[in-house]
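Engineer: Sequence:
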Amino acid sequence: MHEELENFERNHVWDLVEPPPNCRPIGTKWVFKNKQGENGMVVRNKARLVAQGFYQKEGIDYEETIAPVARLEAVRILLAFVASKGFKLQQMDVKSAFLNGFIEEEVYVRQPPGFESAKFPDRVYKLRKALYGLKQALRAWYARLKSFLLKSKFVMGSVDKTLFLLSRGGDTLIVQIYVDDIIFDGSSHVLVSSFAEQMSREFKMSLMGELQFFLGLQIQQGLEGSFVHQSKYTRDILKKFNMGDSKPMTTPISTNTALDADEDGEVVDQKEFRGMIGSLLYLTATRPDVEFAVCLCARYQASPRTSHRQAVKRIFRYLKFTHELGLWYSSGSSLSLRGFSNADHAGCRIDRKSTSGTCQLLGTSLVSWSSRKQASVALSTTETEYIAAASCCSQLLWMKATLSDFGLRFGRIPHLVDSTSAISVAKNPVLHSRTKHIDVRFHFLRDRYEKGDIDLIHVVSANQLADIFTKPLEFDAFMRLRGELGVLQVEGVDNALIKGEIESQWTGLIALLV
Numbered sequence: 001m002h003e004e005l006e007n008f009e010r011n012h013v014w015d016l017v018e019p020p021p022n023c024r025p026i027g028t029k030w031v032f033k034n035k036q037g038e039n040g041m042v043v044r045n046k047a048r049l050v051a052q053g054f055y056q057k058e059g060i061d062y063e064e065t066i067a068p069v070a071r072l073e074a075v076r077i078l079l080a081f082v083a084s085k086g087f088k089l090q091q092m093d094v095k096s097a098f099l100n101g102f103i104e105e106e107v108y109v110r111q112p113p114g115f116e117s118a119k120f121p122d123r124v125y126k127l128r129k130a131l132y133g134l135k136q137a138l139r140a141w142y143a144r145l146k147s148f149l150l151k152s153k154f155v156m157g158s159v160d161k162t163l164f165l166l167s168r169g170g171d172t173l174i175v176q177i178y179v180d181d182i183i184f185d186g187s188s189h190v191l192v193s194s195f196a197e198q199m200s201r202e203f204k205m206s207l208m209g210e211l212q213f214f215l216g217l218q219i220q221q222g223l224e225g226s227f228v229h230q231s232k233y234t235r236d237i238l239k240k241f242n243m244g245d246s247k248p249m250t251t252p253i254s255t256n257t258a259l260d261a262d263e264d265g266e267v268v269d270q271k272e273f274r275g276m277i278g279s280l281l282y283l284t285a286t287r288p289d290v291e292f293a294v295c296l297c298a299r300y301q302a303s304p305r306t307s308h309r310q311a312v313k314r315i316f317r318y319l320k321f322t323h324e325l326g327l328w329y330s331s332g333s334s335l336s337l338r339g340f341s342n343a344d345h346a347g348c349r350i351d352r353k354s355t356s357g358t359c360q361l362l363g364t365s366l367v368s369w370s371s372r373k374q375a376s377v378a379l380s381t382t383e384t385e386y387i388a389a390a391s392c393c394s395q396l397l398w399m400k401a402t403l404s405d406f407g408l409r410f411g412r413i414p415h416l417v418d419s420t421s422a423i424s425v426a427k428n429p430v431l432h433s434r435t436k437h438i439d440v441r442f443h444f445l446r447d448r449y450e451k452g453d454i455d456l457i458h459v460v461s462a463n464q465l466a467d468i469f470t471k472p473l474e475f476d477a478f479m480r481l482r483g484e485l486g487v488l489q490v491e492g493v494d495n496a497l498i499k500g501e502i503e504s505q506w507t508g509l510i511a512l513l514v
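The sequence shown begins at 1 in UniProt numbering and counts up one residue at a time.
Certain hints may be false.
[Claimed, not checked] Taking lysine to aspartate or glutamate and the DMTMM-like style, the derived pairs with C-alpha atoms no more than 20 Å apart in a straight line are:
{"hint": "1", "residue 1": "313", "residue 2": "453"}
{"hint": "2", "residue 1": "161", "residue 2": "405"}
{"hint": "3", "residue 1": "88", "residue 2": "3"}
{"hint": "4", "residue 1": "126", "residue 2": "58"}
{"hint": "5", "residue 1": "57", "residue 2": "105"}
{"hint": "6", "residue 1": "29", "residue 2": "93"}
{"hint": "7", "residue 1": "247", "residue 2": "171"}
{"hint": "8", "residue 1": "35", "residue 2": "210"}
{"hint": "9", "residue 1": "161", "residue 2": "180"}
{"hint": "10", "residue 1": "135", "residue 2": "210"}
{"hint": "11", "residue 1": "400", "residue 2": "73"}
{"hint": "12", "residue 1": "427", "residue 2": "405"}
{"hint": "13", "residue 1": "320", "residue 2": "439"}
{"hint": "14", "residue 1": "247", "residue 2": "260"}
{"hint": "15", "residue 1": "153", "residue 2": "405"}
{"hint": "16", "residue 1": "353", "residue 2": "202"}
{"hint": "17", "residue 1": "95", "residue 2": "171"}
{"hint": "18", "residue 1": "436", "residue 2": "453"}
{"hint": "19", "residue 1": "95", "residue 2": "4"}
{"hint": "20", "residue 1": "313", "residue 2": "324"}
{"hint": "21", "residue 1": "33", "residue 2": "180"}
{"hint": "22", "residue 1": "46", "residue 2": "4"}
{"hint": "23", "residue 1": "35", "residue 2": "3"}
{"hint": "24", "residue 1": "29", "residue 2": "64"}
{"hint": "25", "residue 1": "353", "residue 2": "439"}
{"hint": "26", "residue 1": "33", "residue 2": "61"}
{"hint": "27", "residue 1": "135", "residue 2": "171"}
{"hint": "28", "residue 1": "35", "residue 2": "105"}
{"hint": "29", "residue 1": "151", "residue 2": "171"}
{"hint": "30", "residue 1": "151", "residue 2": "202"}
{"hint": "31", "residue 1": "126", "residue 2": "61"}
{"hint": "32", "residue 1": "427", "residue 2": "455"}
In short, the hints are calculated from the structure, not lab data.
Given the structure is predicted, the values throughout are model-derived calculations rather than measurements.
With the hints as constraints, model all of the structure from the sequences given.
Structural biologist: Right under this line is the structure:
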């Protein structure tokens with residue numbers, strides 16, 4: 001607590017003043033936390049003084065609050081990119097980051113509990129800088145860091161506003177920001193060291209060395225590539241929901257599972273069910289193999305029944321069997337971009353809406369995927385595939401723009417679809433009479449094809465990687481697609497062998513496409 005208040009004095013966060021007339025000071029409180037490392041051991045104890053921001057009134061205590069935060073897809077793109085280049089990401093943490101952000105509004109807070117001034121107990125603190133808990137704190141910190149980096153000759157990403165790049169001579173430095181966590185690396189050791197020193201002079205920093213633990217993701221960087229997994233998090237949620245001793249399963253969902261509202265079923269604890277779904281949703285950051293099963297169960301959070309809880313338990317039983325799996329990003333991967341899209345027509349038993357599945361890869365590295373119920377009922381399989389392809393196309397264009405900041409340029413991006421009729425709708429306007437009921441926004445796919453941004457290619461259903469995001473699969477098909485997506489267990493296995501296995505799989509797939 002004393003260390004926290006010393007940070008306040010060092011950063012000139014506030015001034016003790018007489019409360020002005022009609023002053024409504026915001027309360028403060030202490031928050032205590034044990035910071036844990038990758039292995040679950042307590043790294044340090046932390047005391048944080050936070051403002052009770054729920055007392056703030058919009059237009060009086062704050063105006064704008066929005067600040068950009070890096071998407072997980074952006075982090076995975078960076079991990080795949082640096083792995084292919086043979087870089088090793090470094091990590092730094094800004095101590096009491098929000099205390100560095102200047103605020104424009106006039107905000108007063110009460111004195112911290114236990115540290116009231118003996119001479120001036122009735123006075124309040126007028127804030128110069130942001131305090132944790134204030135609604136505008138994140139925006140103020142981002143503005144300060146952004147201003148500093150731009151003054152240091154960095155260039156902000158054209159799409160991802162949390163990505164900053166610095167070019168000097170023939171060398172490049174890449175910096176990715178997630179609130180107060182910063183990961184960075186570049187082609188020059190001198191440039192990387194200079195940036196670390198520059199940041200340490202401007203802010204009170206904690207240099208954490210090679211990136212190993214970030215946003216709950218465990219990252220192992222080696223010469224052959226990077227392995228990204230959440231094995232610690234998986235073990236934690238298995239323990240949290242008393243599934244550590246459960247019988248393992250080989251797939252996350254049975255092919256016989258057909259969930260519906262089950263109105264006659266027994267009602268289960270809604271809070272526990274939502275907690276299980278929320279925990280599993282974060283796990284999908286590195287586990288695309290459970291994406292479909294989790295998203296399917298998430299549809300029934302409003303009124304969960306026994307059948308829904310059993311389906312969620314099966315996912316946990318599968319995780320018990322596969323808790324060491326993660327994503328493998330090979331250093332030998334190319335930097336070509338491709339996407340896959342698929343759909344399951346009328347898969348939902350309640351409203352007969354279809355499920356779209358998409359995935360995007362940078363070389364052999366899976367960096368983005370989704371499994372989502374479509375917004376409207378489709379009248380044909382052609383329409384469902386067409387809608388799924390439009391969704392995949394929009395994600396590919398976002399990735400293309402993001403990767404352009406890394407200096408990568410793409411022509412027509414291969415977009416693989418297993419429906420020849422959906423491809424015909426995008427390529428041939430003569431089918432207008434059969435597609436006039438489709439929402440105009442999905443014809444975005446046709447427009448982008450005509451402009452030369454994507455190249456729609458037919459792929460046989462057996463090689464459709466997005467199939468795993470649309471429906472339950474048999475064990476053999478599920479295992480094959482899981483391996484082709486790069487979901488592997490690397491720990492204790494020869495990385496070179498894995499690299500060769502993945503590349504051989506992709507060589508065969510590309511040969512079939514050609």
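Engineer: Each of the hints needs a verdict: does it hold here or not?
Structural biologist: Now for the hints, and whether the structure bears them out:
no.	hint	verdict
1	313 - 453	43 Å, violated
2	161 - 405	11 Å, holds
3	88 - 3	33 Å, violated
4	126 - 58	18 Å, holds
5	57 - 105	12 Å, holds
6	29 - 93	24 Å, violated
7	247 - 171	52 Å, violated
8	35 - 210	18 Å, holds
9	161 - 180	15 Å, holds
10	135 - 210	32 Å, violated
11	400 - 73	13 Å, holds
12	427 - 405	30 Å, violated
13	320 - 439	43 Å, violated
14	247 - 260	25 Å, violated
15	153 - 405	15 Å, holds
16	353 - 202	53 Å, violated
17	95 - 171	29 Å, violated
18	436 - 453	24 Å, violated
19	95 - 4	10 Å, holds
20	313 - 324	18 Å, holds
21	33 - 180	17 Å, holds
22	46 - 4	9 Å, holds
23	35 - 3	16 Å, holds
24	29 - 64	24 Å, violated
25	353 - 439	15 Å, holds
26	33 - 61	28 Å, violated
27	135 - 171	39 Å, violated
28	35 - 105	32 Å, violated
29	151 - 171	19 Å, holds
30	151 - 202	12 Å, holds
31	126 - 61	12 Å, holds
32	427 - 455	10 Å, holds
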